[in-house]
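Work out the full structure: start from the sequences and follow the hints.
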Amino acid sequence: MPDQSDGRLTFKLVYYGPAQGGKTTNLLRLHDALSPEMLGEIQMLETQNDRTLFFDLLPLGFRAPSGLLIKFRLFTVPGQVAHDGTRKAVLSRADGIVFVADSDRRQETNNAESFQGLVENCSRVGLDFENTPLVVQFNKRDLPSAVPEAEICARWSATPWPLLFASALTGEQVVESFEALLRVLYRRFAGEFSLMATHGLDEDAFVRSALGCP
Amino acid sequence: MNPTFFDREWNLPELLDAAALERIGPALAQMLGGNVAIFAADGAVLWGQAEPEARREALVLELEAIGFLSSSTADPFALHGARHLLQTLLGAESRYKMASSLHLEATAEDYQALQRGHARLLESEARYKALAESLEEKVAEQVDLLDRRQNQLFQAAKLASVGQLAAGVAHEINNPLGFIRSNLGTLGNYVHRLQQYRVSLDSCPPSWSTLDLDFALRDATDILKECETGIVRIASIVRDLKFFSSVDRAEEEVVDLNESLRQAFSILQGQLPPGIQIRLVLLPLPTLRCQCGHLNQAFLGILRNGIQAIVDAKRPGEVVIRSEADDECVTLRFQDNGVGMTPEEVQRVFEPFYTTREIGVGTGLGLSSARSAVLAHRGNIFVTSQPDGGATVTITLPLS
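Residue numbers (the numbering used here), protein chains in the order written: chain A, 1 to 214; chain B, 1 to 400.
Bear in mind the hints are in silico, worked out from the structure with no lab data behind them.
Chain A residues, not near chain B, derived (Cβ > 10 Å throughout):
no., residue
1, Glu113
2, Phe129
3, Val147
4, Pro162
5, Glu192
These stretches of chain B come out as covered by chain A in the derived footprint (C-beta under 8 Å, 3 or more residues):
no., stretch
6, 4–10
7, 51–64
8, 96–107
Pair ranges (Cβ atoms, derived):
no., chain 1, residue 1, chain 2, residue 2, range
9, B, Arg120, A, Glu192, 32 to 42 Å
10, B, Met31, A, Glu41, 17 to 27 Å
11, A, Arg188, B, Ala65, 26 to 36 Å
Glycine residues also receive a C-beta, built at the ideal position from the N, C-alpha and C atoms.
Structure representation (structure tokens):
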């Protein structure tokens with residue numbers, strides 16, 4: 001549930017996925033590509049050999065026509081299996097999730113295990129998985145060993161989640177993935193927080209303001 | 001939002017506590033030419049002297065101002081620089097605090113995961129323990145079953161050999177008995193002819209009287225009659241023996257158990273010690289399909305036991321045999337007024353070779369073989385007794 005207090009509405013968005021799938025790279029690209037009204041620095045909390053130990057945090061935000069400050073805090077979880085406790089703690093209280101899968105064929109098992117872990121951890125930290133906005137991003141499309149799109153689509157088409165094919169390294173589809181999440185997020189929470197009626201934000205305005213496009 | 005969560009919005013007083021302000025404040029004052037003030041987001045002064053004319057800069061963390069820095073003595077550049085310095089400090093502080101809070105949360109989560117794992121372990125341990133326990137029980141059950149089966153086999157073998165012996169003896173006795181009976185008949189005819197010859201004589205030769213042959217002829221008739229009686233008795237004993245020796249035949253027969261009880265009664269009747277009697281109180285019974293040889297042995301064993309209990313009591317007494325039936329089963333009761341048993345003895349009474357008597361007096365097999373026979377007929381047998389109050393053995397046998 002987004003936190004609304006002191007004239008601000010904060011969405012906690014979590015990039016979840018297997019180790020070295022490109023969650024941090026997604027955030028780095030977003031930081032470079034987005035130009036919302038407010039964009040903070042990426043905070044990287046402790047890494048070990050360039051691998052996230054705690055989390056990364058990218059804050060961004062804008063003011064709605066009503067004056068309400070809408071804030072997004074983008075977190076990444078540590079992907080390594082050993083850090084499940086930290087992963088759960090970071091996932092706690094998430095309002096939206098981007099699942100970053102690794103397109104490399106050798107990572108298929110890790111993807112599946114990580115997704116299973118996401119479902120289980122959601123229930124452990126009290127998140128209603130069915131009703132939490134979720135976007136699935138298959139990253140590393142630039143890899144020669146990437147599983148073909150058709151194969152992935154065949155496997156995931158029956159699921160209700162937007163499916164995106166990205167290459168965080170080159171920045172391809174990174175913003176689009178975030179945008180997809182923003183749209184699901186808006187549809188999920190707009191009514192509850194009266195974004196349109198009280199704050200003058202329709203879906204497009206909400207997305208454009210968050211991305212910072214004119 | 002819960003104030004312990006790592007991802008909450010940190011405010012300035014949290015990031016800079018009094019001790020930190022005491023260290024930072026004077027340094028900033030020195031850098032900024034004397035006057036400096038640090039404000040919380042709501043405008044409250046946390047440290048220093050707030051001057052109305054002072055320049056003021058926001059301290060931004062993430063996206064928003066969480067406090068302000070002001071100085072009336074610093075030039076704009078110095079204040080700007082000091083603000084960045086302080087923001088960097090606040091950023092480091094907030095990262096440290098977030099990391100340590102997250103660490104606590106993760107540790108708690110890990111601990112809970114451990115506990116969940118531990119609970120699962122305990123659960124599976126309990127499951128295996130229960131399994132092991134029930135396994136032990138099952139093994140004991142099987143061993144018990146084997147024991148009982150073996151016991152039954154032992155009893156059956158024993159009964160069969162006794163039966164074969166009895167059948168052989170009966171057969172061997174029957175043959176001589178046959179020719180003795182026939183010879184005695186012929187001898188009777190001869191004596192009769194002698195008697196007729198005597199009647200035909202008008203006077204006897206003197207030697208007839210000297211030898212007292214009149215008496216001899218009369219007495220011979222009596223003796224032959226007694227022999228006849230004896231033979232009838234032997235024949236009846238042999239018949240009974242054969243009846244009970246039918247144990248080696250496993251086929252079932254349809255019998256009236258009252259008949260079996262009467263047979264047992266007549267076998268023991270001749271062997272009763274003085275002062276002890278057996279009384280039959282038999283109600284009509286439906287016929288029962290059973291291996292009656294086994295049941296006959298059982299009845300004999302129980303009756304012998306009852307008689308012995310009265311002998312042990314050293315007083316006159318009786319064993320009452322009662323039979324009755326309802327729609328479902330036949331019930332037989334053997335009640336004696338002998339010495340009776342303690343509850344402990346009652347508990348063990350069906351154990352093979354359990355006996356309260358002197359060695360040589362009882363085999364300790366009477367009741368246990370009786371129980372085997374009754375259980376083989378899907379029946380029930382139990383004993384009620386009190387010390388010095390006699391004992392009652394009750395047998396129920398299902399009709400179908």
